[in-house]
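S.K.: First to last, the protein sequences are chains A and B. Using the working numbering, the letters of the first sequence correspond one by one to residues 44 to 188. Using the working numbering, the letters of the second sequence correspond one by one to residues 2 to 123.
There may be inaccurate statements among the hints.
As the list claims (entries may be wrong) - Computed, partial: chain B to chain A, Cβ under 7 Å:
hint, residue
1, 17
2, 115
3, 119
4, 123
Hints are computed from structural coordinates only; laboratory data are not their basis. Model, not experiment: these values are computed from the prediction. Where a beta carbon is used, it is the ideal one built from N, C-alpha and C, also for glycine.
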Amino acid sequence: MLVNGVRKILREVFFGVAEGLIMYLIFVVAVPWFLVNAMGIQIPDEEMLNPIVTTFYLGVFIGLGVIASVLKQPVGLVFEALSSLLALAILVRFVGPGVFRETVEFGGAIMDVEFEITALLMVIVGLTLINSVMRMFERLVSMEE
Amino acid sequence: MFAGLKYALLVAGLTIILAVSSPLVVFVNDILRNPACLEIGGRVLEEINATHYVVELEVKYCSSVEAREVKIVLGDERIFIGHLRRGVKTVQAVVEREDIEEGLKAVEMNIAGIFRLKVIHR
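In isolation and in its complexed conformation, chain B is listed as follows (with noise of 0.2 Å):
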């Protein structure tokens, strides 16, 4: 009665667990692979006043996992590039001069909506 419990048991979790780490794993070999994986750059498009500017942010992503809910946090800002997919994908925000002077602090995604990923910049 319960040996074939028991193996359907066995076969569904070693599935689920396959099927909830694959993303995490393709992910870091993406990056292992190709430590620039992740780049992001940036522009002034426009200066609105003297302290508020008009940015276009460039993120370049290789990996084949989608990256979701992407935040990137310039100076005190935090911006929202939302899903990330192979590819380039281009955001404007608006930002303080002093947050372009102070950089970029941290990334934050969750790669496939299920593992979360936070890097901040020291």
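Okay, chain A solo, but in the shape it has when bound (with noise of 0.2 Å):
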């Protein structure tokens, strides 16, 4: 019996550490990724990228997500509510409002470079704002049953 709850809590730890790291591989890596490597896009706030920071988020959202998973339900949704929201306000930290300034030398000439992506910011909150709500109405479905 006793067995049996200390690896339940275990497992709910151990998918709640999952998710939180998963929130962070996302939002924290893969997207500053894609948006300097792939999309040659400048960050405007460089410090979002200093490992202190990013350090610090990988513990949020591990955190959150621990709680998330460990909590009963209803309780637990707020903490799955508050990862995602975190993931968001990271996203829009990362790109602003999606307009990006920046200065090139080309040719001896000074260019000011301006350069919205604001369709793709706008898919990237939309997704993850549907991936939110399922998330939370898998959970109040699962709590029912």
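Dock chain one against chain two, each of which comes alone in its own frame, and use the hints as you go.
M.R.: Right, here's the structure in full:
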């Protein structure tokens, strides 16, 4: 009985850590990597890529994931929602309103380049919201069952 | 019940992100390979009067991604070029002498109609 209880808690902690890690990898690692390397965009707030800040986000995501997983529903849902909101906040902090400005020198001439990626930002934010709502709905349904 | 839906959402999401971002990735790649991908030249065709001229602008564009609603700012005059595909496009416009003297100030375009790009010459 006790072993089963411990095993259940350990499994929930494991799922929470995995969920936190996935959120971290998507929103703190994959999205900035995609924006900087694949699309050649300069992140406006370089501080966001500081290892101390990213490690802090990793900790917060894992913490929220574990709490959401371990706590009984519907309390856990609140932390699930907080994790999604943090992900969105990080995304918005990374790309701001989706307009990047850069000064470049080309052929001796100095140019201001203004680049707007609002459409892509909207897609990512929309998909994140849909995913969050679905995850919460899933939790609610499993709670009722 | 939700597992299938989650995977469907994941696949749909990745597909949408790829579809939306691929024109930009191709455009950036084309520009990095050939920095002179967009070249704008012009010549005076006709002198209407002492202050106004008919000019022919020649825009060379190398990317395979369509540039939509391209506008060129010459002095204070904004000249609408329209959609650009790989190749050369010529447009005629009436501009003032002062605008010609001031030269090219900015180029605006929508990459594949999704991403707005504005390059301002200082």
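S.K.: It remains to establish, for every hint, whether it holds in the given structure.
M.R.: So, going through the hints one by one against the coordinates:
1. 17: Interface hint status for residue 17 of chain B: holds (6 Å vs cutoff 7 Å).
2. 115: It holds, given that the least Cβ distance between residue 115 of chain B and chain A is near 5 Å, below 7 Å.
3. 119: holds, 4 Å
4. 123: Holds, because the Cβ-Cβ distance from residue 123 of chain B to chain A comes to roughly 5 Å (cut-off 7 Å).
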